[in-house]
Structures are given as structure tokens and as C-alpha cells.
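Residue numbers (full-length UniProt numbering), protein chains in the order written: chain R, 1 to 537; chain B, 1 to 537.
Rather than coming from a laboratory, the hints here were simulated on the basis of the structure. Computed from a prediction, not measured in an experiment: that's the story for all the values here. Possibly wrong hints are sitting among the right ones.
Said to hold, decoys possible - Using 30 Å as the maximum straight-line C-alpha spacing, the simulated DSSO-like pairs for lysine-lysine come out as follows:
no.: 1; chain 1: B; residue 1: LYS523; chain 2: R; residue 2: LYS381
no.: 2; chain 1: R; residue 1: LYS211; chain 2: R; residue 2: LYS336
no.: 3; chain 1: B; residue 1: LYS177; chain 2: B; residue 2: LYS336
no.: 4; chain 1: R; residue 1: LYS385; chain 2: B; residue 2: LYS523
no.: 5; chain 1: R; residue 1: LYS374; chain 2: B; residue 2: LYS177
no.: 6; chain 1: R; residue 1: LYS508; chain 2: B; residue 2: LYS336
no.: 7; chain 1: B; residue 1: LYS208; chain 2: B; residue 2: LYS169
no.: 8; chain 1: R; residue 1: LYS385; chain 2: B; residue 2: LYS381
no.: 9; chain 1: B; residue 1: LYS431; chain 2: B; residue 2: LYS336
no.: 10; chain 1: B; residue 1: LYS424; chain 2: R; residue 2: LYS528
Claimed, not checked - Quick look at which bits of chain R chain B covers, simulated, 3 or more residues with Cβ under 8 Å:
no.: 11; stretch: 227-240
no.: 12; stretch: 366-374
Even glycine gets a Cβ: it sits at the ideal position worked out from N, Cα and C.
Number of protein chains: 2
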Amino acid sequence: MSHFQAKALYDFHGEPNTAEMTISAGELLTVTRTDVGEGWWEGLNSQGKSGLFPEAYVEKLTSTGPPPIPAPVFQNDDWTETNQTSQDNDGWDDDWDEDPYSEIPNTRQPRESLYANDPNLHAFGKDVDTISEMSFGVDNKGTVTKKSFNRFSTFVKSGGESYILGTLKVHIEESNKISIIKIDDGICCWAPIPPGDYYTVVVASPKKESKLKGLKSFIAYQLTPSFNKIQVSRRYKHFDWLHERLTEKFSFIAVPPLPDKQISGRYEEQFIEHRRVQLQEFVNWVCRHPVLCNSEVWKHFLTCTDDKLWKQGKRQAEKDSLVGANFCLCIEAPDKNLLQSFVDDTVETNINFIHSLDAAVKNLMATAADQSRKYATAFKKEYTKIGESFYSLGTAIECVEKATPSDLATGIKRVGTAYFEIGKFFEEQPKLDWEPLLDKLYMYKGITSSFPDIFAIHKGAQQKRKECEKINMPPAQLSEVRKRTDTVSYAIFAELQHFKVERDADLKVTMKNYLNQQINFYKKIVEKLENTLQAFD
Amino acid sequence: MSHFQAKALYDFHGEPNTAEMTISAGELLTVTRTDVGEGWWEGLNSQGKSGLFPEAYVEKLTSTGPPPIPAPVFQNDDWTETNQTSQDNDGWDDDWDEDPYSEIPNTRQPRESLYANDPNLHAFGKDVDTISEMSFGVDNKGTVTKKSFNRFSTFVKSGGESYILGTLKVHIEESNKISIIKIDDGICCWAPIPPGDYYTVVVASPKKESKLKGLKSFIAYQLTPSFNKIQVSRRYKHFDWLHERLTEKFSFIAVPPLPDKQISGRYEEQFIEHRRVQLQEFVNWVCRHPVLCNSEVWKHFLTCTDDKLWKQGKRQAEKDSLVGANFCLCIEAPDKNLLQSFVDDTVETNINFIHSLDAAVKNLMATAADQSRKYATAFKKEYTKIGESFYSLGTAIECVEKATPSDLATGIKRVGTAYFEIGKFFEEQPKLDWEPLLDKLYMYKGITSSFPDIFAIHKGAQQKRKECEKINMPPAQLSEVRKRTDTVSYAIFAELQHFKVERDADLKVTMKNYLNQQINFYKKIVEKLENTLQAFD
């Protein structure tokens, strides 16, 4: 793109000692690069000095309309770039599920360490007081991402500025409107799914499929929604594309994470089954979310069986203009202004909460991964050692009693065998308790890690509002700005409330399952030892 | 003692490159030292060369009677030397239980490591092919002792030579006679205790007592035999003196070990109670042994309540001439010659057995000590860590739900607490399972470690017999030698049989107790988790 002129709409104070450049409202700029990313442009000011500034703070002078909506950013460059050379370019048939990932140095791990080496499981320090620092270093798919280098960037990138300032006027169709309703005591929530509309989707039967006469092979998961019972076949890359769309569009919603893009050994049965379980978790979470479960792109993903229609829907989703903060245009929030102190308190409490929760989840994940590994290694070894010690005592006694055998040697050897078997119980156990717990916690880690961005957008909106209050904005316009800022707050409150209700139900089931499995495990040990005791009767 | 003349009775081939000296039957020697120890004398041969030779191979020329019986060796020099300066010298009142031991660098150990640092728990290598090498490096009280430096020394020291050669003629009173009876299939045993004569002794109520107006204090254990119900008060040093007498006298019997002379922190309640338990084990074993339970010195120890009578009995026991191999004079063995091949096979089998058993016992002790330590440290820590992880998740959730508390936070915190408590179960558990097992195994370690000496005496007797068969010994005399050698074999077989019967019964009970405690332990965990599960109902 060639250089063009732009006018600064607002003051922006660049961070000293960074590439950022301070600009003043009304200043003329020459934009030299628009592909810096994350909502930043590069340009020259009137003095010819070069630097970065937020795209949303300036207005392209050659443009006649409103500032452009940020284009969907394809973060997954691997896919889009690698596969343009494939036989078709709609992303449906190309195989980024293959080689591009095999260079990821994430070597195949045995079951016991599925999560064992995850560096993200180490809780971060607690002295976080700005949201930008709160970025958890992982995106909501669990992979490491570039840190936002400015607290506004998430806000800017999401199109928050143009939304708050009301520069984008779009007609919202009735079917796209999303209500936030108030329940008592200042609590609000997304209009719940009408009871009859609840549906579930089963992720099942991962199948190895191939094309190009076997040259390329991949795993396809079969999804069957309860509302139509029509099975669709989806690969991980389709999930990934969907996830991209959902996070981009619903920047106020904590989209659950997909399983990691761990690739090596991905045709191994255990890996595939584990990924299926994690995809099922993802799907469950989406199905229970009043906004996500009704979104067009999701419905398209769930139901489209026709190749041509798929491509159409795919392109349409990628062109969706109601993404990021602009999604707020669809929201019908309660028509009551929020008390600023209430908003501030609630958000601050929840920032702290999400921060603690994130730390606690990572800590428990680390413990669960550690236990999972130790069950199969150290603990198994301890019990095997006990078994060996008893067994060799039995053998020693047996050796002199060949002529006059006693039950003693046999009995003691049986004790040895019992402990060997208990060792095996330990090895087999994590897939029943620790690993399902880990899979669940992985979801929560993804969700908590997406909240900082949500809070950042909220903070950006609040600051934009304050800026508008400082300048001499006409009261009617300011009132609109405040209403839109409240909508952002309402959206966040609704999402926090949804998260609360979900985790209450979900973690309760999770804990019950975990405890039941632990109880069964120790009962099995008791039973084994009780059987062994009979050898001495 | 001044020098005296002696005549070599038999050939003795001194080990080259040692202090030993080769002597020939009939050779005249000048004995220069008789206090070398372990059955050795020092002297000059006719060429004036000096060296060591077995006392039992020579005859003192100035003596008119049989060669002197080796005097009781007080191995516990600490006691006898330290306390000669005490106000009385009968060993009753002096306090070697005090300071002499405090310099032993055996610092006070917490419960979990009662056996943890025992260097003897490491199984020795298996390439043992001579009995002398088989000495397990610990005496039967578990303390390290000087190694026999010659395979004959145990035999010589025990007076085996003079017994086999019949040089000692003593009238044995009927009450002192001990029968070995044959049961079927070549198995023989000590004449069993008549059912009505079985008795038990309770070791109880360790009391801290003091004398010299509190200047000296010690622990006294109260022993109450079932046959008279009269309580006697005995200190560890009395047990030690008794043990000395029993091992000296009954060199064919595996006298059970006393608890270690671990002294530091010995007034600590836990140490005292543990010692009581071990003394009870010792007492139980003696009570069940047909020979030991009837021995005079043991009865004296059990019943004497009078200070003066105690001293008399003590002196008498120390002057007992029927000690070591001479104890065989009391034995009435079956009047049937043993087949040499049977003797050789049985002994070899049992040498291998005891060797394996010793290794297996030490191995299991090492495991039990290791588990005992880990229960209280590493395992407790694992469960505490799990508890902390759940608890902090509960706390994190609780912090945002103060306004609208849910059961979830409380429930998850309860799971945390449950694991803390399971951690405490682990800490408390070893005293119920691993430690009693260790105490029992300690007994077995002591017993297996006393068998090599028993086998050494047997081997010495066998070799003496072979020597007699080689020289032109009159047939009648040789027949006597063979009979006496058989008596030694019968004694060993009887003792091995006793050990078999004992361990069959004893280890069965031990294993049952251990398993029951383990079962209860895991049941407690199940119960704790089941209670916790209710938090989510």
C-alpha cells in the first residue's frame, strides 16, 4: 500500500523510549505502514519524525467514510500462507494439520506427562496492578502470543474507539440482537437460552481419513448436534478456524480454548482420543453459552454438509463487520445507567478474582500433572519396591521349605504380588481422575486467560468515556457515549455472571467425578489387600 | 600371668603372612600371652619364633587337669571397666546406661528414621562361599563386632575342640539335661515345652527411676511372668548382661537380639516405648524357646527380687562351665548316627537359606524404613500439596462470591482439607504398620546374623572329626568323637527346626497385622474422601 495522509482525531501520548509517537488532535500525518499489526500504524509527523500510533486515533484523509473497521487479522499465518499453494484456497482441503506443525519442538509425550511439561502451569507473581501486565502470556488456546505492548491496543484493535464514539452506524437485524437482562441485586446476564432450545453436540468417532489417493491423511471428528441428528465431519483445522472467528467476533466473551496444536505423534490413538475429549469440552462450553450457541458461524460449522455452502458461509463469516467492540451494536442492554462506583468496584473485584483463579487453576494443574506423572512413575516404583521386598522374603523362605512347604512363603509372595498390582493400579489411575481433572482445568485456564483482554477493552472504553467528558462534547452525544460505555460494562457483567453459573455447575460435577474416582481407587487397594490377607487364614 | 610351658596336641597350620604360627603335635612351646582373646594364645616355638596358635591345640604342661575352659569373655568392656569405680562392683547398681554411651555419635533420631540410617540394612553381596566370610558384620544385638580372623576361631572359642575330643568330663545333673527328639523324616527338634509349662512375660510400665538422691537416673522396665505374677524391675543393662550369658552359654542357639544401645535421647518417651516393644519381642522369643525358657540364668533374671540373691546368681552364672560347645554335654541326642551326606546337604541348604533370608530381611527392613520415613515426609508432602492446590482454588472462588456464596468454594476447600488430613494419616501410619514390621524384622536380622557362628562351630566340629579319622585314633574313641559330632549336628538341626516353626507362626501373625493395618489405613482414606464427597450433594 502506498503512503497516504491522515489526520489525528485525538491526542495520543506515546510511551517514551519506545517506537510510539506522540500525536495531537488535528495534526497531519503521513501514514507509511498499515501492516504493523495489533491496531498500530506507522507514519511521519509534520516534523518528519517517524513512529507508531493507534490506527483508531487517526482518520484517513483520502477516505470519505468512517475510519475503516480493522480487518480480520489472520493470526494463524502458517495456515493461510502455507496453503495458498494447495489445490484450492478456501482452507477446507489443505492440510496444515500436517507438516507445518511437525517442526514444533513439542515431542510426543507418554500419557503420564500430557501436561507435565507445560511451562504455563507455573503461577505468575501476584503484584499485578495494571491490566496490560495481567496478560497471562498465553492466548485462550493455550499458546504463547505476542504481548500487547500498550494498554490501549486491545481496545483499539477491537474497534472499541469507533464504537464508543459512535462513528459506526449499522443497521442490526432483529435476529442478530442479543439481550442482556437484569436479575436481582444489580446482577445481569445474557438472555438465557429458552429451555426448549438447549441442545448438545456429541464429538465422536475420530476417523483417520485420507485424500489425494492416500498421499494426505488426517483425523476427522464426527459431530452430531442433538437438534437435527445430522452428523458433520470436522478436522482440527476447522475447529481452529471457528475458534479464530469466535474470539475475533465475541471480544467480550471468554471463548473456551481448543486443545493445543501439539502435532507430533498425532495419529497415535491416545493423542487422538485425548484431543476428542478436549474438543468435546470446547463444544459443550459453546453449547451452553447463550450468545455463542446461537452465533451464525457456529451454526454454520455445526450444520453445513455441503462443500459449496461451506465456502460461502466461510467467506461470509470472515467478512463479518460486527466483530470486536462493534459486536456491542447488537447488544440490547438494560436501559438503566450504571453507577460508576459500582462498575469500578465490580470490575476491580473481578480482575482480582480472575487473577487469583488463574493462579489457582495453574497451580492445581501443575499439581495434577505432577501427580499424574508420579502415579505412573515414582509411586508405582514405590509400590513395586515394596512388592519386590516382600516377594524376595517369600522366595527366601520358600527355598528351604521345598521339602515341607508352608503357607507362609506362598502368603508372603502373594503380598509381594499384591503390591506389584497396586503399583499397576497407580499407573492406570491418572486417566480416571487426574487427567479428566486436567482437561477440565485446561478449559478454565483458557477462559481465565481470555479475561484480561476483555477487561482491557472495558478499561479502554472507560477511558475513552472520560476523555469525552473532558472535551466539550455536546450533552446528547456524551449521553450516547455513556450509554455505549455502559453497554460494554453490561456485556462484561453478563459474561462474568455466565462464567459464575457455568463454573458452579461444571466444577461441582468435576469435583464429584474426581472424588468418586479417587474413592474407587483406594477401595481397589483395600480390596486387593483384603484378598491377600486371606492367604494367611 | 607368667610364661609357662605347653605341648602341642595337634598339628596347626598357621595362615601365611599373619601372626599365626604353625605348630606340630608334640612340639614344646613357651606360652607368653593368654589374653590375646577369641581362643588364641601367643607363644614361642623351639626355634624361638613367636606367633599365635589356638589355645585348644595345646596342653599346659604344668597343669594336671584338662585344658582350661575358656573364661567368659566380657565383650562389653565399657561396662566392666567404667564401673569398677562405682560404689559396688556387682554391676547391679552402676550406670553404664548413662554417660559412657553418650559419646556414641548416634544422635537422637525422629520416629520416622528409627531404622532409616542403619548401615546394616544394605544387603551384602551374594558371592559368599566360606562361612567365615558369611559373618554378617553385626553381632546378634545388631552392633558391629570384630570379625573372626580365622574360620576355626568361633569353634575354638566355643570350646568345640575339647568337647569333640572328649577332654572335658563333667557330671551333668538330670535337671540340666536337654533332649533332642526325632520327629518324622529325619527332622528333629528340641524336646518341646510341655503344654502346661508354657508361660509368658509382660514387659511393661517403663519407669524413670533415680538413685543417689537423683544424681543418677535410669529407666526400669517391669517384667511380670505369667507363672508367678511377681513383678521384677529390670534395666537395659540387666538385659544386656543376660544376653551376654545366653549367647555365651548357648552357642548353638540363635539368641534373639536386644534393642540397639542407642543412647542419646533415651529418656524420650518415644524411644523408651520403642525399646520396651523390642524388649518384649526379645522376651517373647526366649519364652517360646524350649531351651532358653528353662535356662537357670533366665529364670534367675525373671524371678530374683532380692539384691543379695541376685548377686549370688549373677556370680554363679558367670562361672558356669557348661558354656559354648561344652553345653553339648547336656544334650541327649537321638542315639542314631547321622548320615554324613544328609548332614552336609542339610547344613549347606540351611547356610544358603540363612544367607538368602538375611539378605531378604535386610532388604525388606530397608524398604520398610524407607516407607516409614517417606510416609512422614515425602508422601505427607504430596498429599499436603494436593490439599493446598484444591484449597487455594476454593479460596480463589470464594473471594468473588462473598456476596453470593456458593457451595462450590466451600466444597473445594473441604477437598483441600481432606487431603491435608490424609497427609496427616500418612504421618501417623508407620507406627501402626511399618514400625511393628521393622521391630519384627529386627529380631529376624539378629537371629539370621547369629547363625553363621553356629554354622562355624558345626564346621569346626566336622573338621575336627575328619582330623580324628585321619590319625590313628582307637575305634572306640573315634566312635565317641563321631557321636559327639553328631550331637553338634543334632543341636543345629533342632535349632533350625525351632526357627522354622517359630517363624511360620510368628511371621504369619506379623503379616496379618501388617496387612490389617494397611487395609485400615486405605479404608480411612476412602472414608475421608466419601465424607468430602457429601459436600457436593
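Against the structure, the hints:
no. : hint                : verdict
1   : B:LYS523 x R:LYS381 : holds, 22 Å
2   : R:LYS211 x R:LYS336 : violated, 57 Å
3   : B:LYS177 x B:LYS336 : holds, 18 Å
4   : R:LYS385 x B:LYS523 : holds, 22 Å
5   : R:LYS374 x B:LYS177 : violated, 61 Å
6   : R:LYS508 x B:LYS336 : violated, 79 Å
7   : B:LYS208 x B:LYS169 : violated, 47 Å
8   : R:LYS385 x B:LYS381 : holds, 20 Å
9   : B:LYS431 x B:LYS336 : violated, 49 Å
10  : B:LYS424 x R:LYS528 : holds, 23 Å
11  : 227-240             : violated (count 0)
12  : 366-374             : holds (count 6)
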